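Enquirer: Make the full structure from the sequences, and use the hints.
4 protein chains.
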Amino acid sequence: MQDLLTEIADTVGRSEERGKLADYIPELAKIDPGHFAISVATADGSLFSAGDARIPFSIQSISKVFVLALALGRVGEALWKRVGREPSGQAFNSILLLEREKGIPRNPFINAGALVAADTLLGAAAPGEALSALLRFIRSAADQDDIHINEAVASSELDTADRNFALAHYMRSYGNLENSPDRVLGTYCHQCAIEMTCEQLALAGRFLLDTGEMPHLVSRERKRRINSLMMTCGQYDGSGDFAFRVGLPAKSGVGGGILVIAPGRGAISVWSPGLNSYGNSKLGTEAMEAFTRKIGWSVFG
Amino acid sequence: MQDLLTEIADTVGRSEERGKLADYIPELAKIDPGHFAISVATADGSLFSAGDARIPFSIQSISKVFVLALALGRVGEALWKRVGREPSGQAFNSILLLEREKGIPRNPFINAGALVAADTLLGAAAPGEALSALLRFIRSAADQDDIHINEAVASSELDTADRNFALAHYMRSYGNLENSPDRVLGTYCHQCAIEMTCEQLALAGRFLLDTGEMPHLVSRERKRRINSLMMTCGQYDGSGDFAFRVGLPAKSGVGGGILVIAPGRGAISVWSPGLNSYGNSKLGTEAMEAFTRKIGWSVFG
Amino acid sequence: MQDLLTEIADTVGRSEERGKLADYIPELAKIDPGHFAISVATADGSLFSAGDARIPFSIQSISKVFVLALALGRVGEALWKRVGREPSGQAFNSILLLEREKGIPRNPFINAGALVAADTLLGAAAPGEALSALLRFIRSAADQDDIHINEAVASSELDTADRNFALAHYMRSYGNLENSPDRVLGTYCHQCAIEMTCEQLALAGRFLLDTGEMPHLVSRERKRRINSLMMTCGQYDGSGDFAFRVGLPAKSGVGGGILVIAPGRGAISVWSPGLNSYGNSKLGTEAMEAFTRKIGWSVFG
Amino acid sequence: MQDLLTEIADTVGRSEERGKLADYIPELAKIDPGHFAISVATADGSLFSAGDARIPFSIQSISKVFVLALALGRVGEALWKRVGREPSGQAFNSILLLEREKGIPRNPFINAGALVAADTLLGAAAPGEALSALLRFIRSAADQDDIHINEAVASSELDTADRNFALAHYMRSYGNLENSPDRVLGTYCHQCAIEMTCEQLALAGRFLLDTGEMPHLVSRERKRRINSLMMTCGQYDGSGDFAFRVGLPAKSGVGGGILVIAPGRGAISVWSPGLNSYGNSKLGTEAMEAFTRKIGWSVFG
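In order, the protein sequences belong to chains Y, B, D and V.
Under this note's numbering, residues 1 to 301 are what the first sequence spells out, in order.
Under this note's numbering, residues 1 to 301 are what the second sequence spells out, in order.
Under this note's numbering, residues 1 to 301 are what the third sequence spells out, in order.
Under this note's numbering, residues 1 to 301 are what the fourth sequence spells out, in order.
Fair warning: there could be bad hints in the mix.
It does not matter which identical chain is meant; a pair holds if it fits inside one copy or across any two.
Distance condition first, Cα-Cα at most 25 Å in a straight line; then the derived SDA-like pairs of lysine to any residue [as the list claims (entries may be wrong)]:
(1) LYS30 <-> ALA91
(2) LYS102 <-> ASP23
(3) LYS20 <-> GLU289
(4) LYS294 <-> SER219
(5) LYS102 <-> GLU77
(6) LYS102 <-> ILE55
(7) LYS294 <-> ASP210
(8) LYS20 <-> ASN150
(9) LYS81 <-> SER277
(10) LYS294 <-> ARG265
(11) LYS20 <-> GLY103
(12) LYS102 <-> SER277
(13) LYS30 <-> THR160
(14) LYS20 <-> TYR174
(15) LYS81 <-> ASP241
(16) LYS102 <-> ALA29
(17) LYS102 <-> ALA91
(18) LYS81 <-> ARG220
(19) LYS102 <-> SER140
(20) LYS30 <-> TYR174
(21) LYS102 <-> ASN276
(22) LYS81 <-> GLU101
(23) LYS294 <-> THR160
(24) LYS81 <-> ILE104
(25) LYS102 <-> ASP162
(26) LYS102 <-> ASP159
No lab work stands behind these hints, which were simulated from the structure alone.
Small disclaimer: the values here were computed from a predicted structure and weren't measured.
Expert: Have a look at this one:
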């Protein structure tokens, strides 16, 4: 395993064509595009890494997986009255379907759906409390204490959050937001600004594996269901292609990270800041394709 | 396994609310909605069934799986220049995205994409030859000789194929159809009119498993990829929900059949003619949910 | 003329089927749906009225005509870089096309376009100043001093302005809003809450006629162009039907008013609070159809 | 008037930037883009022309005006159950709204709506009879015998009619086509291939004027209504802009012709084969803008 990761870091990780940094969030545009890291936390308790696996990065939309788990913990299956479970076939920040489908977002991994999940996480609590609960969950999943929120990134996102504000107001006009757009966006921009290392992310991802060794934060049924949503919706309108190439459930973030779950085997994380046309890490996707082809962890046979 | 199937046939199979027959194809509207069947062809060579598993039914869009395999066999990865690999987020017969995406259908399982696959299967051959090759493939996969095309159904479909003709002409206007719409629709309506029993369908589905016992009609890589497309796109705009509930790649047909693949374990087929709002078998979906919950074959852990 | 108006008020004005009050703005939902008024300010300086023509009502989107005139006065043809001149083919508050057309609204009479016009009217001024300039313009056009803003209505609109906030934030994400959504919506909700009587509205409308007697607030070229936009876009996605039935440029508001221009002949205003399915006054539209059929003022021959 | 037309032919008619020939119909792509003609048939019976006003050209979609008049003559207002009266906000050959609006096209001037009108014109008649009736109508309106159909153009269009076939089949799937797509397209491609000179077109256009001198082929009410549809829908998704610039109802064709009606004053025709981005004659539009600015025939004051 270690050899495989090292080989991937030395080949894929050093590609010339590294994709494009997310430039709409000024703080993220400052990152060195040369970074690359890959980590695997196996179901039997081992951890393997290659590359810059101990440099913290902004997990961005990967946070939607943890928030979904918490929101489901808070309201259970009632969440599905407010958000769907289908791929949207549109870009992550699209507002098109929201008009046709009367304020019910297609799934909890596109921005609109993640705002509903953040609103659910908030409930009647203060944003600070909700964010503390989220950090506690992630730290506990990873068994790591130093996972934190980067306030500069959160603030940078809030300043450029007009499209997300539009989504929030739009859903509110249909009664599908309990809290004010200000509170929901405040929470959302902070959850996106959580920073952790590639190693920590792989460790945190283990909560979606179902083996004796792993932290039992959610039920087996719920793990499966979150994994299914990651498979069909986790890479936005590139989800079908990712499933075709990699064959594993995964969630990407515009910070260049991807969390990938190989049920029964391990949690994998990759990080490379440059993005492909769907807004997913370019080298991260290529690394995962190389990884599963070699190791044969596809869920599809 | 036999007990489980019998129990499902006795409970789910006898539900009062059985969904709605596809009424736009007159021949299909004549079927008795009371039918129910479930079969499992396991990776180790056993076959289990319950219900009307030896009554032939129209496989309809399930044929798209076999045609895709043959089309990939014919032109290889070049097929992906003419059709995408992403869920469409729209109904199976939608023409919306085709306009925005200049005649390239989202995936080979919505009607537009299946017409491209049928066009590829045809190539320069006569429709009769192409259909013979398709029947040979399916008979060989199932190891059953009496799988056939119901000409009355094919003819009934051709009479009511205006939306499919619209899709074909539309793609042709973008140069994404080699054969005439008449030839492509002639082939397509016949492939949809293939009839087999639930048992035969489960046996035929084994070609997507990767075990020593199974017929080796396509490469392991290709099996995985076809399975991934079934997972993300196999139930049209209900694919996300099916993945969430059942956790296995599958392809449905408006005849009420569903072919489900449990990689490494077995191929499952269900048949109940009434459809849910997505156009997938209502009781078939419920039966598969009950089946995987009990037996734990979800690919998601 | 007086006889015609009286006859219309006595017949159309007393119809049983009066349409539906706009219920999304609580203050507007309180209006008595039994009101009906019609006024004609002729190009030669006469004023005719029938019905409740001296009861003030909320002009709502009719204000967009005056704001457009002022915005064009402020920045001239440069406005058309930020907003189009085409019918949208969608509902007045739709956000669909805004996504496809990158934040440039189709025309200044749908909500998104009116927000751009309000933003232009604002420029670097305080909302209070902009609104004062608007009131001065309308009072001057009507030669009436007691036209005012109803603060209760403005405040009621601001409380239920989520869809408009969504439009504002969305356009801002594309750089098509200079002022903050709060400032623009504050201005917009106040302009919509302007109240005047049916008589005053007909008098104010004369600024779009081109005759010696009328106040010369805008150039002849600009009058024509504003009239053309009222013809093609003034009744949202019911504009074609209104042109077909009435044959005159017009702008409606959800308060139930419609301002209609008969070039060279007169300005007509009608008021009846119940709306048809497009959000335009039901009896107002019917009254205008009866009026032009009788008097033959259609611009179409 | 003659001086004005000569001036326009000498200035606008000689512009360097002449737009782009319609290249999807091979026969039309052969036309010399250097042609320019303008003709005015006044309400009092005079005829003025400048440029190549006696060279026949393909009227293409301008034929939709004559077919609409005949279809209304055949079935009256019942036509409006099968086609709307609203601008579509989409390209002339778009199929998008047809899906959302269940096979009812937005208006009779986009292709889908024109196919419904052609289907209505056909009724139970043979295509040959329907086309004869159409030619009789146009010849009678123009008082010219040598207006004819160019069979080479008709045949060229039929060969490249896949998008129109798609529209026809699509509407037929919703029951909104009585005749087969083959018959309707056969008729439609022939009506588009009618050829006449710029002079003849201006003369034929007089049937939409309402003065004592003109041929009375349709009622006054119907003239107004057809004119209103030309205003709101006659230039596809450039209709609003045309109304803004020119201020007169008009219908364009991809052959580079435009028929413009100045109610009470005259019928104007222009021809220049190069098209703008909406598919309307580039120099034709510019010529009409210059013409109405000078002569002041805008219906808007």
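Enquirer: Could you run down the list of hints and mark each one as holding or not?
Expert: Here is how each hint holds up against the structure:
1. In this assembly of identical chains, the alpha carbons of LYS30 and ALA91 lie at most 25 Å apart only when taken from the same copy (24 Å versus 41 Å across copies).
2. In this homomeric assembly, LYS102 and ASP23 come within 25 Å of each other (Cα to Cα) only across copies, at 17 Å, whereas the closest approach inside a single copy is 31 Å.
3. Taking CA atoms no more than 25 Å apart as the test, LYS20 paired with GLU289 passes inside one copy only; the shortest distance there is 19 Å, against 41 Å between copies.
4. In this assembly of identical chains, LYS294 and SER219 lie within 25 Å of each other by CA distance solely across copies; the values are 16 Å between and 31 Å within a copy.
5. Taking the shortest Cα distances, LYS102 and GLU77 sit within 25 Å of each other inside one copy (20 Å), while across copies they are farther apart (34 Å).
6. Neither within a single protomer nor between protomers do LYS102 and ILE55 lie at most 25 Å apart by alpha-carbon distance, with minima of 42 Å and 37 Å respectively.
7. Taking the shortest alpha-carbon separations for LYS294 and ASP210, both the intra-copy value of 23 Å and the inter-copy value of 16 Å come in at or below 25 Å.
8. In this assembly of identical chains, LYS20 and ASN150 lie within 25 Å of each other by CA distance solely inside one copy; the values are 22 Å within and 51 Å between copies.
9. In the homo-oligomer, the alpha carbons of LYS81 and SER277 lie at most 25 Å apart only across protomers (17 Å), although the nearest pairing inside one protomer, at 31 Å, exceeds that limit.
10. With identical chains, the CA atoms of LYS294 and ARG265 are at most 25 Å apart both within one copy (14 Å) and between copies (22 Å).
11. In this assembly of identical chains, the alpha carbons of LYS20 and GLY103 lie at most 25 Å apart only when taken from different copies (23 Å versus 31 Å within one copy).
12. Taking CA atoms no more than 25 Å apart as the test, LYS102 paired with SER277 passes between copies only; the shortest distance there is 17 Å, against 28 Å inside one copy.
13. In the homo-oligomer, the alpha carbons of LYS30 and THR160 lie at most 25 Å apart inside one protomer (15 Å), although the nearest pairing across protomers, at 39 Å, exceeds that limit.
14. When the C-alpha separation of LYS20 and TYR174 is checked against a cutoff of 25 Å, the pair qualifies only between copies, where the shortest distance is 20 Å, while the shortest distance within a copy is 36 Å.
15. Taking CA atoms no more than 25 Å apart as the test, LYS81 paired with ASP241 passes between copies only; the shortest distance there is 13 Å, against 28 Å inside one copy.
16. For a Cα distance limit of 25 Å, the shortest separation of LYS102 from ALA29 across copies, 22 Å, qualifies, whereas the shortest one inside one copy, 34 Å, does not.
17. In the homo-oligomer, the alpha carbons of LYS102 and ALA91 lie at most 25 Å apart both inside one protomer (18 Å) and across protomers (14 Å), since each shortest distance falls under that limit.
18. Proximity of LYS81 and ARG220 under a CA criterion of 25 Å is satisfied intra-copy only: 22 Å inside one chain copy versus 39 Å between copies.
19. For a Cα distance limit of 25 Å, the shortest separation of LYS102 from SER140 qualifies neither inside one copy, at 37 Å, nor across copies, at 42 Å.
20. Taking CA atoms no more than 25 Å apart as the test, LYS30 paired with TYR174 passes between copies only; the shortest distance there is 22 Å, against 37 Å inside one copy.
21. Taking the shortest alpha-carbon separations for LYS102 and ASN276, only the inter-copy value of 21 Å comes in at or below 25 Å, while the best intra-copy value is 30 Å.
22. Within a single copy, LYS81 and GLU101 get their C-alpha atoms as close as 13 Å, which meets the 25 Å cut-off; across copies the closest is 27 Å, which misses it.
23. Taking the shortest Cα distances, LYS294 and THR160 never come within 25 Å of each other, neither inside one copy (41 Å) nor across copies (48 Å).
24. Proximity of LYS81 and ILE104 under a CA criterion of 25 Å is satisfied intra-copy only: 8 Å inside one chain copy versus 33 Å between copies.
25. In this assembly of identical chains, the alpha carbons of LYS102 and ASP162 lie at most 25 Å apart whether taken from the same copy (20 Å) or from different copies (13 Å).
26. Proximity of LYS102 to ASP159 under the C-alpha cut-off of 25 Å is restricted to the inter-copy arrangement: shortest distance 20 Å between copies versus 27 Å within a copy.
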